[in-house]
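Heads up: the sequence lines are chains A and B, in that order. When we follow my numbering, the leftmost residue of the first sequence carries the number 1, and every step to the right adds one. When we follow my numbering, the leftmost residue of the second sequence carries the number 1001, and every step to the right adds one.
Any given hint could turn out to be false.
On the chain B side, residues computed to face chain A include the following (Cβ under 7 Å) [claimed, not checked]:
{"id": "1", "residue": "Met-1051"}
{"id": "2", "residue": "Lys-1089"}
{"id": "3", "residue": "Asn-1097"}
A short list of chain A residues far from chain B (calculated; beta carbon distances all over 12 Å) [stated by the list, open to error]:
{"id": "4", "residue": "Ala-6"}
{"id": "5", "residue": "Ala-7"}
{"id": "6", "residue": "Ala-8"}
{"id": "7", "residue": "Tyr-15"}
{"id": "8", "residue": "Leu-28"}
{"id": "9", "residue": "Glu-43"}
{"id": "10", "residue": "Ile-60"}
{"id": "11", "residue": "Ala-72"}
{"id": "12", "residue": "Ile-86"}
{"id": "13", "residue": "Tyr-104"}
{"id": "14", "residue": "Leu-107"}
{"id": "15", "residue": "Gly-115"}
{"id": "16", "residue": "Met-121"}
{"id": "17", "residue": "Ser-141"}
The hints are simulated quantities; they were obtained by calculation from the structure and are not laboratory data. For every residue, glycine included, the Cβ atom is placed at its ideal position computed from N, Cα and C.
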Amino acid sequence: MRLSVAAAISHGRLYRRLGSGPRSRVDLLRNLVTALVRHERLEAPWARADEMRGYAERLIDYAKRGDTDERAMRMANFWLTEKDLIHKLFKVLAPRFQPHPGSYTRLLQIPSRDGTDRAKMAVIELKGNPYPPLIRPRRDSEKTLLNQLLKGYREDSRREAAPRLPEGTPL
Amino acid sequence: MRNELFTKEKERQLSLYPRIEKIEVKYTGKPHPGSLLIMNKALSTPYNCAMHLSEWHCKKSVLALVDGEVWDMYRPLTKSCEIQFLTFKDEDPEEVNKAYWRSCAMIMACVLKRAFKDEYSVNLVKAPEVPVISGAFCYDVILDNRLNDWQPTKDNFNSLTKDASKLIYKDLPFETLQVEAKVAREMFQHNKYKIEMIEQKASRNMEGIVTLHRFGDFVDVSEGPHIPRTSFCFQYEITAAHNLQTNQPELIRRFQGVSLPVHLRAHHTVWHKLLERSKWLVTEEKIVEAAAESLEEKGGTEEEKTLSI
Chain A
1 MRLSVAAAIS HGRLYRRLGS GPRSRVDLLR NLVTALVRHE RLEAPWARAD EMRGYAERLI
61 DYAKRGDTDE RAMRMANFWL TEKDLIHKLF KVLAPRFQPH PGSYTRLLQI PSRDGTDRAK
121 MAVIELKGNP YPPLIRPRRD SEKTLLNQLL KGYREDSRRE AAPRLPEGTP L
Chain B
1001 MRNELFTKEK ERQLSLYPRI EKIEVKYTGK PHPGSLLIMN KALSTPYNCA MHLSEWHCKK
1061 SVLALVDGEV WDMYRPLTKS CEIQFLTFKD EDPEEVNKAY WRSCAMIMAC VLKRAFKDEY
1121 SVNLVKAPEV PVISGAFCYD VILDNRLNDW QPTKDNFNSL TKDASKLIYK DLPFETLQVE
1181 AKVAREMFQH NKYKIEMIEQ KASRNMEGIV TLHRFGDFVD VSEGPHIPRT SFCFQYEITA
1241 AHNLQTNQPE LIRRFQGVSL PVHLRAHHTV WHKLLERSKW LVTEEKIVEA AAESLEEKGG
1301 TEEEKTLSI
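Please model the entire structure based on the sequences and the hints provided.
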């Protein structure tokens, strides 16, 4: 049991301290969420983007409930400061992410900011955005050794599984 | 005996160039195309060129493409040329795969040669050129007459695999030597199958030169280039031995195995499935049949399409 709280230790604290106080933190995150919904790809300090990610995904989960839901409408009204984006959230983003069960955003780290603070920067984007992709996952070619061995294995098991015709039957 | 002849021949070929002559090698590859390297004639190898370029090149490159011809990494360069490196993860690593299969077969041959007691003779026949998709590399061996009824058990294969792992851990380089046919014949005088192979190769080559490869103490003839070092193999297992049916009176046994390089390691579940598959006999006719079957299947589907129209 915790008998005393040492001053500078913050083990296990999940919510970061951003801006100048809790009200300022929520306003900062709200602005970031609004910008993400408007532009669908955002470059920001990594800590802010990471903090904002959870709020953005929960907002989309609320939007999936539909705009008739009173709670969802109030959430969208609070979190999106520009009110034309509420329409975009319910009519564009919610149907886009309907088939997915979660993880609607992608967070990728970027080289540190050029200014004196050398802050750790990140790009946060909604999946399915219209821009060109940030990273292209490069798969191994079909003809590498491992892929050839696996291909042979697959073909053998297919040949075993396929019903064998007796020889001499006309095709 | 073969080892000493090999070393003597290598020293003799080195002594042909008492003074160092320089050659210009142009690198035409991805990171810095067009870079000019000045290397020594008959002394520097493509591996030395890779050392000039970067550590990545040294670790990853398996074969070198010298003027469009596939070369070993440790084979000395003889004239000014253009060089490119081939790795396991290229767009078309067919040559690399073949070289890897050949090297694994040679390691297996070395292990088999040393596995039995001195009183039992082991005659290595050859390493058939099997494509990678068949699932296993093989080596044909003729064992002593007294061992005709012996079937290797799982423990025997385990111990053979352990010997192979010891060799791989020693990280021996594969040395190449271009040798005249008569020197090669002198080296392999006791093995008639190797003599046949040397004759075939010498007749194909215009000057009658045969390529020999050596790692550690073991010297062998093979079809083409090999990987640079034994440490390139990561997972290595000798899986099965089958008796081949031929017209000859002696019993030819085909030992089979699977291996994966360090760059393409597999999870143990996948590895065990590949092991199971490699235990089946690999024959050259089966591969031709399989190719014919796949062509037939494609032809069949085309017929169906035309019928539906």
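Here is how each hint holds up against the structure:
no. : hint     : verdict
1   : Met-1051 : violated, 25 Å
2   : Lys-1089 : holds, 6 Å
3   : Asn-1097 : holds, 5 Å
4   : Ala-6    : holds, 44 Å
5   : Ala-7    : holds, 47 Å
6   : Ala-8    : holds, 42 Å
7   : Tyr-15   : holds, 38 Å
8   : Leu-28   : holds, 42 Å
9   : Glu-43   : holds, 29 Å
10  : Ile-60   : holds, 35 Å
11  : Ala-72   : holds, 43 Å
12  : Ile-86   : holds, 47 Å
13  : Tyr-104  : holds, 30 Å
14  : Leu-107  : holds, 28 Å
15  : Gly-115  : holds, 32 Å
16  : Met-121  : holds, 27 Å
17  : Ser-141  : violated, 5 Å
Checked against the numbered hints given earlier, the structure breaks hints 1, 17 and satisfies all the rest.
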